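Using the sequences and the accompanying hints, generate a full structural model.
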Amino acid sequence: MEQTQQSQETGKRTWDRTRLVWLGLISLTLLSAAVGESGRPSLVAIVIVCSVTLMKGRWIIQDFMGLRNAAPLTRRLVTGYFLAMTSMVGISLGYLQFTATQ
Numbered sequence: 001m002e003q004t005q006q007s008q009e010t011g012k013r014t015w016d017r018t019r020l021v022w023l024g025l026i027s028l029t030l031l032s033a034a035v036g037e038s039g040r041p042s043l044v045a046i047v048i049v050c051s052v053t054l055m056k057g058r059w060i061i062q063d064f065m066g067l068r069n070a071a072p073l074t075r076r077l078v079t080g081y082f083l084a085m086t087s088m089v090g091i092s093l094g095y096l097q098f099t100a101t102q
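Just so you know, we're using UniProt numbering here: the sequence shown kicks off at 1 and counts up by one.
Derived by calculation from the structure, the hints in this document are not laboratory data. Remember, predicted model here, so these are calculated numbers, not experimental data. Backbone N, C-alpha and C define an ideal beta-carbon position, used for all residues, glycine too. Any given hint could be a false lead.
[Unchecked claim] Straight-line Cα separation of at most 25 Å, SDA-like style, residue types lysine to any residue; simulated pairs:
1) Lys56 to Arg19
2) Lys56 to Phe82
3) Lys56 to Leu30
4) Lys56 to Leu23
5) Lys56 to Leu43
6) Lys56 to Ala45
7) Lys56 to Met85
8) Lys56 to Ser42
9) Lys56 to Ala34
[To be verified] With beta-carbon atoms standing in for the labels, derived distance ranges:
10) Ala70 to Gly39: 34 to 44 Å
11) Gln102 to Ala71: 45 to 55 Å
12) Asp16 to Gln102: 31 to 41 Å
13) Thr74 to Gln97: 13 to 23 Å
14) Ala71 to Gln97: 36 to 46 Å
15) Met88 to Ile60: 14 to 24 Å
16) Arg19 to Leu43: 33 to 43 Å
As structure tokens, then:
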């Protein structure tokens with residue numbers, strides 16, 4: 001019986017964390033949409049949207065893909081790939097925005 005009660009408490013904590021992360025992801029999505037739709041894109045808007053994307057990606061990788069407790073190599077490879085791709089997109093958009101204003 002004690003095993004079942006402990007299992008229920010662990011499941012409840014996991015559910016609470018999942019719910020909080022989910023609400024955080026929705027909030028960050030609304031923030032990045034508001035910044036992205038606020039008018040003509042600027043370097044500041046690109047940095048904000050890329051930062052929000054990085055935060056969201058980290059949560060998704062750790063909590064929803066289940067890599068929080070995965071082998072360190074796997075977690076680092078997935079996180080590194082995500083950081084590299086997001087950075088390249090952000091730098092490309094920033095460069096295009098910068099050259100368009102020149």
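Tested hints:
no. : hint                        : in the structure
1   : Lys56 to Arg19              : holds, 14 Å
2   : Lys56 to Phe82              : holds, 11 Å
3   : Lys56 to Leu30              : holds, 12 Å
4   : Lys56 to Leu23              : holds, 11 Å
5   : Lys56 to Leu43              : holds, 20 Å
6   : Lys56 to Ala45              : holds, 16 Å
7   : Lys56 to Met85              : holds, 14 Å
8   : Lys56 to Ser42              : holds, 21 Å
9   : Lys56 to Ala34              : holds, 16 Å
10  : Ala70 to Gly39: 34 to 44 Å  : holds, 41 Å
11  : Gln102 to Ala71: 45 to 55 Å : holds, 46 Å
12  : Asp16 to Gln102: 31 to 41 Å : violated, 50 Å
13  : Thr74 to Gln97: 13 to 23 Å  : violated, 35 Å
14  : Ala71 to Gln97: 36 to 46 Å  : holds, 39 Å
15  : Met88 to Ile60: 14 to 24 Å  : holds, 19 Å
16  : Arg19 to Leu43: 33 to 43 Å  : holds, 35 Å
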